[in-house]
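As given, the protein sequences belong to chains A and B, one line each in that order. Heads up, the first sequence is in our numbering, so the first residue is 1 and it goes up one at a time. Heads up, the second sequence is in our numbering, so the first residue is 1 and it goes up one at a time.
Any given hint could be a false lead.
What the hints assert, rightly or not - Sample of chain B residues lacking proximity to chain A, with all beta carbon distances greater than 10 Å (derived):
| no. | residue |
| --- | --- |
| 1 | Glu103 |
| 2 | Val109 |
| 3 | Ser110 |
| 4 | Ser129 |
| 5 | Val130 |
| 6 | Ser147 |
What the hints assert, rightly or not - BS3-like, lysine-lysine: derived pairs with alpha carbons at most 27 Å apart:
| no. | chain 1 | residue 1 | chain 2 | residue 2 |
| --- | --- | --- | --- | --- |
| 7 | A | Lys47 | A | Lys188 |
| 8 | B | Lys162 | A | Lys223 |
| 9 | A | Lys10 | A | Lys234 |
| 10 | B | Lys107 | A | Lys47 |
| 11 | A | Lys263 | B | Lys149 |
| 12 | A | Lys17 | A | Lys188 |
| 13 | B | Lys111 | A | Lys188 |
| 14 | B | Lys149 | B | Lys107 |
| 15 | A | Lys140 | B | Lys161 |
| 16 | A | Lys27 | A | Lys188 |
To be verified - Interface residues of chain A toward chain B, partial, derived using beta-carbon atoms under 8 Å:
| no. | residue |
| --- | --- |
| 17 | Lys20 |
| 18 | Asp24 |
| 19 | Lys27 |
| 20 | Leu28 |
| 21 | Ser107 |
| 22 | Gly123 |
| 23 | Glu130 |
| 24 | Thr198 |
| 25 | Ile221 |
| 26 | Lys245 |
| 27 | Leu322 |
These are computed hints drawn from the structure, not numbers from a lab. Just so it is clear, the structure is predicted and the values come from calculations on it, not from any experiment. Each residue gets a CB set at the ideal place from its N, CA and C atoms; glycine is no exception.
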Amino acid sequence: MHSESKIDPKIMEEILKFGKNVIDAPKLVSAPDEISLEVTPHDTVQKIDKTRLLHYRPLTEKQHKTPLLISYALINRYHILDIQPEKSWVRNLLLQGFDIYMLDWGSPTSMDKYLDFDDYVNGYLDSAVEHIKNESSTEKISLQGYCTGGTIATAYTTLHPESVKNYIATAPVIDGWRDTTVISNLAKHMDVDKMVETIGNMPPEFMYYCFSVLKPFEQGIEKYIKFFKNIDNKKFVDNFLRVEKWLGDTPPIPGELFKQWIKDIYQDNLLIQNKMYVGGELIDLKKIDMPTFTQIAVGDHLVSPECSMPLHYAIGSEDKTLRMYPTGHVGMIASSLSQKKVLPELGKWLSERS
Amino acid sequence: MHLMSSKPQALTSTGPMRAFTANSKKVTTELIEINEDLIGFNQYLTEYYKQLADAWGVAQKKVNLKSPEVPQNVEQIEAFKRIWIDMFDNDFTELFDSKKFGENYGKLVSKELELTKHWNNITNVVLQSVNLPSKEEIDEVYKELHSLKKRIGKLELKLKKKETRKNA
């Protein structure tokens with residue numbers, strides 16, 4: 001008996017095309033080491049240990065008086081804030097007339113395993129702020145903290161409110177118990193003392209594992225299918241490779257810092273309860289009394305909105321704004337939405353206070 | 001004659017092999033403990049893969065229920081793929097978010113660290129046998145260095161702030 005095949009010939013066509021794209025890929029894409037992630041021109045104005053303070057060159061004739069320092073996260077590198085001209089957070093703010101500095105935490109090695117919260121908050125970040133104040137002849141600066149850099153910047157702002165004119169918290173890690181992400185679940189069950197005692201710094205491989213369990217099928221399969229389907233689209237491929245290179249470049253986290261991080265934020269949740277100590281001083285969120293802008297991504301699967309939002313309600317400031325955006329953790333800082341909505345809103349808020 | 005015959009003895013009493021032999025008992029103890037920890041590690045690893053396999057089975061059943069027909073064209077394949085990815089992402093995220101996964105994964109990592117610790121201890125025996133500093137000794141140097149750098153850094157910053165205030 002003859003049975004008629006119902007399979008659409010287009011399926012075969014698609015499979016063959018996909019196969020051809022996979023074969024052609026090595027000829028069409030650059031090797032990761034050929035891609036430079038440095039986009040907007042900048043100068044290194046201070047170096048302490050492995051950290052660097054970057055000062056971006058202005059793109060406008062006139063600039064706002066108060067400079068802005070960005071405290072980037074401890075996971076991956078600062079390049080995502082300047083990943084490509086059309087999606088660059090830094091470039092957008094420069095074009096809005098802001099004077100931008102970025103703190104690059106560098107790549108700690110085994111000998112940095114004793115660096116702790118105090119070193120990052122009262123050492124590197126405080127030194128960067130002092131340098132900017134001197135260079136720009138201002139008494140106060142604007143400070144933005146992103147993700148884990150937001151936690152460090154929050155601690156800094158409570159301890160040195162006299163140096164911060166405006167504070168911007170972008171998806172900060174604040175309330176560990178309310179965090180509903182997979183990362184928080186893994187962190188809560190981690191024997192961090194044993195980890196730091198045995199291997200010293202938190203290795204990048206562990207972070208890669210954590211990334212791999214976040215939407216594993218979307219990120220591990222669909223993303224690459226899309227890549228091969230768009231292999232002829234130069235712009236898409238370039239953007240994809242830049243983000244992939246950024247994702248694959250995460251430095252280790254110093255052991256002592258990581259230990260305090262996991263215990264004080266995720267396991268004991270001390271920060272939001274105003275019980276966390278840094279360098280022997282209590283972090284009291286009520287001391288954040290300057291204008292504060294909190295940015296949250298509704299679809300954030302790295303730092304859930306419930307983890308960041310409590311900051312807005314815990315601080316002492318009367319001039320505070322909370323904005324929520326329909327995007328993810330990276331989408332908030334490096335997407336067309338961030339260019340069209342997030343950055344114009346931030347720029348308007350900041351220019352009125354700079 | 002006496003010097004000639006005693007020299008090799010003196011050599012072995014200071015040489016690396018003697019130092020290694022003196023500590024070989026420690027190596028044996030570490031190896032026995034490695035075996036014990038390996039059993040625990042394998043138990044947690046088996047549970048880890050079991051949890052993944054179970055989640056896969058449940059997610060696949062859900063996909064089959066939601067999309068029982070074999071896709072016949074490009075649009076249907078695309079829709080099927082979307083359902084498959086969403087179902088699997090949801091079910092696996094639920095697993096990774098669960099207490100049972102978190103606890104087992106924590107124990108698995110902890111056992112792996114125990115194994116690393118034994119390996120470090122064995123390496124220390126070898127290092128000491130050739131008169132090289134152990135991990136603990138190097139850590140002490142790092143700690144001292146960190147403390148000194150911290151003190152210098154804070155003093156420098158204090159001076160800088162004083163200077164700024166003076167110039168203001």
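(message) What's the verdict on lysine 263/A and lysine 149/B, does the C-alpha distance respect the 27 Å limit or exceed it?
(response) Roughly 25 Å separates the two Cα atoms, so the pair holds.
(message) Hinted pair, alpha-carbon criterion (27 Å max): lysine 47/A, lysine 188/A. Please report holds or violated.
(response) violated, 35 Å
(message) Given the hinted pair lysine 149/B and lysine 107/B, is their Cα-Cα distance within 27 Å?
(response) Outside the cut-off at roughly 36 Å; violated.
(message) Let's test the interface hint: is any C-beta of chain B closer than 8 Å to that of threonine 198/A?
(response) holds, 5 Å
(request) Hey, is glutamate 103/B genuinely clear of chain A, shortest beta carbon separation above 10 Å? (result) violated, 5 Å
(message) Confirm or reject: serine 110/B is not an interface residue toward chain A, with every Cβ-Cβ distance exceeding 10 Å.
(response) violated, 5 Å
(message) Tell me if the straight-line CA distance from lysine 140/A to lysine 161/B falls inside 27 Å.
(response) holds, 13 Å
(message) Please check whether the beta-carbon of valine 130/B is more than 10 Å away from every beta-carbon in chain A.
(response) Consistent with the label, valine 130/B stays out of reach of chain A, its closest Cβ about 20 Å off (over 10 Å).
(request) Verify the interface restraint on serine 107/A: the C-beta must sit less than 8 Å from at least one C-beta of chain B. (result) violated, 16 Å
(request) So, glycine 123/A near chain B? Judge it on the closest CB pair being under 8 Å. (result) holds, 5 Å
(message) Next pair to validate is lysine 17/A with lysine 188/A; report whether the Cα-Cα distance is within 27 Å.
(response) Given that 27 Å is the threshold and the Cα spacing comes to 46 Å, the pair is violated.
(message) Checking one constraint from the list: CA of lysine 10/A to CA of lysine 234/A, max 27 Å. Satisfied?
(response) holds, 25 Å
Hints 1, 2, 3, 6, 7, 8, 10, 12, 14, 16, 17, 18, 19, 20, 21, 26, 27 from the earlier list are contradicted by this structure; the remaining hints agree with it.
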